[in-house]
Amino acid sequence: MPRRIDEDHKEFHDVYSGRKRKELKKYIKNGSIFRNRGKNGKVVLTIPKIDIPHIVYGDNGSGGIGRGEGEEGEVIGKDEGQAGKGKGKGKAGDVEGEGIDISVDLEEVLKFLKEELHLPDMKPKPNDTYEEIVKKYNNISLVGPESLRHNTRTLKQALKRQCADNSINKLHKIPGFKNPIKLIVPINSDKRYRQFNEVKVPSSNAVIFFARDGSASMDQYKCDIVSDMCWWIDVWIRRFYKKVERAYLWHDTIAKEVDENKFYKYRYGGGTKCSSVLRLASKMMENRYNPTKWNIYLFYFTDGENWGGDNEVFNEMLQSEFNYNNVNMVGVTQVLSWNYQNSLKEYIDDNNKNKNLKSVQIDYTSSNFEISDEDRDSQIKDAIIGLLGNKK
Amino acid sequence: MTNESKFLAGSSLLSGDNTIPGVSMPEELKKLLPKIYKSVHDFGCDFYPTVVEMLTYDEISEVAAYGGFPVRYPHWKWGMEYEELQKGYMYGMHKIYEMVANTNPVYIYCLDSNTLVDNVTVVAHALGHADFFKNNIYFAKTNQSQNMINQLANHGERIRKYMSRWGRERVIEFIDHVLRIETLIDFSKAWERKKIKNPIIKDEREYYYPNRLKSKEDHGYMDDYLNPKEWIDHQKDKIEKIEVAKYLDIFDKPSKDIMRFIRDYAPLKPWESDIVAMLYDESMYFAPQRLTKTINEGFASYVDYNIMAKQGFSALGQEHESSGIIEYSHHKMGVLGGKYSMNPYKLGFTLLMDIEERWNKGRFGNEWENCKNLREKENWDKNLNLGHDKVFEVRKFYNDLTLLMEFFTPEFCEKNQFFEWKKYPNGEYKIENRDHSKIKEKLIRRHLNGGLPEIYLTDTNHKGSGILFLEHKSDGRPLYDPYIRPVLESLRYLWKNDICLSTRGTDGSELIYTCKTPDCIIDLMSADQYLKENY
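Just so you know, the sequences run in chain order U and B.
For the first sequence, my numbering assigns the number 1 to the initial residue and increments by one for each residue that follows.
For the second sequence, my numbering assigns the number 393 to the initial residue and increments by one for each residue that follows.
Source of the hints: derived by calculation from the structure; they are not laboratory data.
Note that the Cβ used here is the ideal one computed from N, Cα and C, for glycine as well.
A few of these clues could be false.
Coverage of chain U stretches by chain B, computed from C-beta distances (three or more under 8 Å per stretch; other residues unrestricted) [what the hints assert, rightly or not]:
id	stretch
1	4-11
2	46-53
Restricting the straight-line Cα-Cα distance to at most 30 Å, the calculated cross-link-like pairs of lysine-lysine (BS3-like) are [claimed, not checked]:
id	chain 1	residue 1	chain 2	residue 2
3	U	K78	B	K633
4	B	K479	U	K39
5	B	K724	U	K78
6	U	K49	B	K888
7	U	K111	B	K479
8	B	K479	U	K42
9	U	K78	B	K888
10	B	K553	U	K78
11	U	K10	B	K469
12	B	K888	B	K685
13	B	K908	U	K25
14	U	K26	B	K908
15	U	K22	B	K479
16	U	K26	B	K526
17	U	K49	B	K479
18	U	K78	B	K648
19	U	K358	U	K256
20	B	K469	U	K20
21	U	K355	U	K114
22	B	K814	U	K78
23	U	K78	B	K738
24	U	K49	B	K788
25	U	K49	B	K608
26	B	K822	B	K788
27	B	K814	U	K49
28	B	K479	U	K78
29	B	K788	U	K78
30	B	K908	U	K22
31	B	K832	U	K78
32	B	K553	U	K10
33	U	K49	B	K908
34	U	K49	B	K865
35	B	K648	U	K49
36	U	K20	B	K487
37	B	K822	U	K49
38	U	K173	U	K191
39	U	K49	B	K487
40	U	K182	U	K200
Between the sequences and the hints, there should be enough to build the whole structure, so can you do that?
In structure tokens form, the structure reads like this:
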């Protein structure tokens, strides 16, 4: 029996999920979703508590009445959550207090991301040399093993034959049946078997090169921006490919491959030679990730500082080795702390002929040396739109 | 008359409503019910006829979500309540033992998964509530006019009709607006009896006429010279202004009953003002419960304690005589809370127990107050045995506020080890002091005006342009800012004109919220700034 509460309960859920959707949109719009890492395929958001507001007294949590034993000044309890929480990561966790944490499926977040930021789908390379051969059972043959026999087709064939020679109207006596019945009996020539064909499908393997400048000028703050962006780019690309491998490259004057943890944390005060990382990547493409079999994405993060004369080398390599034929996409992100006369991005933008090369810039040249959180979020959002979006 | 109240066990379903099927009553409880009824009655309680229903947890949380009346109008807030109860039960955080609805007959809902002792306790406890509902003067009005469950069902039906006529979403949105101002009522009015206005309408208006100078007899031709037309017109204008001002001055003194004002004077469509009127009535109906929570729970606990522990009902239906009392104690401990807790059950129960002890031993009156000898006070016992009667008197005439004001004595405070705590920035809670007057002040503040801020409507025609001017009578505690804004927006939506709210910040300076038409932008400014901008 339907109960009255079910209706109201459903309505509450509508209100709730409407609120959830609204909050999620807000999070995406101001970019603060990008500092929120998902865990186990879920992203945790804080949404305001749903309540019917009345005029009430403000927060009275700083004092009250209790009863029990104890001397004056004795500690009777402790709030674990508040003590010793420093500034830094996890800012999203301690916003405004009043609110409920809910977890949203990452897939849903990505769907909203696609709608809100108008991100296009990633496409595998169109060239047929990157195709993969897959066996598909989409044909029928007259011979084959019995295990692949197509029963429906076989019976249809038998029916056709029996209709043609009029043997279908013959009645058979079958033990267990009272009345004689009509029968369809396939003979050898009626039998049909499934047969595979080789079909070429676009390759669904992808490799993402995350490369970054590891010189001393990349401080912790920039590293945080890099890691936030990498995580979301990674999630976004993985949505479109079956198998995605990641390679983390790090460089100062020489480049090397590192593991994920090191990539985000490792710093070394050295010089900067951006072209070294491209050389390493192209070497890896030769050895491990053959461009004919892999969809290749390269994301490079820098602070725009480079050794004199290396910009030219860098750009030339981008044009020749990381061009349209070899790689799906190259994204260069420049996290700039102050303006150089000729930063890497400027040089690339001026001399770019590569269609799938995109470059964006996150700017934090402010008077306070650190930009506000909102500004940071919106800049990261713009950078991600710039890299993954349609706009050139 | 009232003593003839019948006791119906697991009888019919709620009148006209089939949403609650209920579970059949266990035989052992059914047998015990008349006994409980009789002993509660002999204890001095007096209540309306009672219906006991057995429900599963799912059903009881449905009833609880609707506040005891499963016939309310459709709204998502019941669903929210239901979800909270269901989740809390699922994760083992809390559990509803019983529900009582204040109607005639009284409905008592028991949980079928409770043990026998728990259910007997619940019935005794609920009968305590039933007695309180009937006898406490603050509830006196609530069941007089008609059976509330029918009235609420009528409200639900009417709102459902409006929904089918004007669209569900539109009506729900309007209800959302009204619900936000449902606490802006005058609680003292809940105590008033409903007056039916005198149907004979008398014209009690004062009429003003322009002053005329009288000419002598036979000198009628002088009239035009003595009372020139300009002078008469001038006076007529003045009179018109006075009359308009009188007409507009609907409220001659500040009133707390803002919702009633909206109901009577806001420019609403007929169905809208009907909804406001219905919700106003419901709000008024539930107002006494807000005012008497502590004493109500305390009294019910007092009754079940006397029945179960003192009269030994916990042993009924048990294999061993002593087995029930342990279970009852366990149940009681869960209800009355653990270390450092300060729930209304415990406060009310201990206060009533203290009153009983004091009046039993004669610890009241001038003699007791003036006695300075501590040892003598400690052994004070006059064997008056007035405790029981005093408690029943208290349940008749007091509410939370007056109970605390009169009976929260220094001795009680000390005996029960009350303290004031404070939270420090490092997250530690520390005992601040054990000062009786400070603790009492805090407790009383918590119960003033049902624990809600006192908002007065001081001017209905502010600046001469129909702006509502509200004033918060501040006692130093600031209002909760994020909630003021939506409430003001809703008031603006209902009144369809600007709203001003004056309050005081933590430092005592006057702040003014203004909600402006048509964009509904809410500004917060200081009083000086407001005067500068508007005058």
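Legend entry - Numbered hints the structure breaks, given as an ascending list: Result: hints 3, 9, 10, 12, 16, 18, 24, 25, 26, 29, 40 break, sorted rising.
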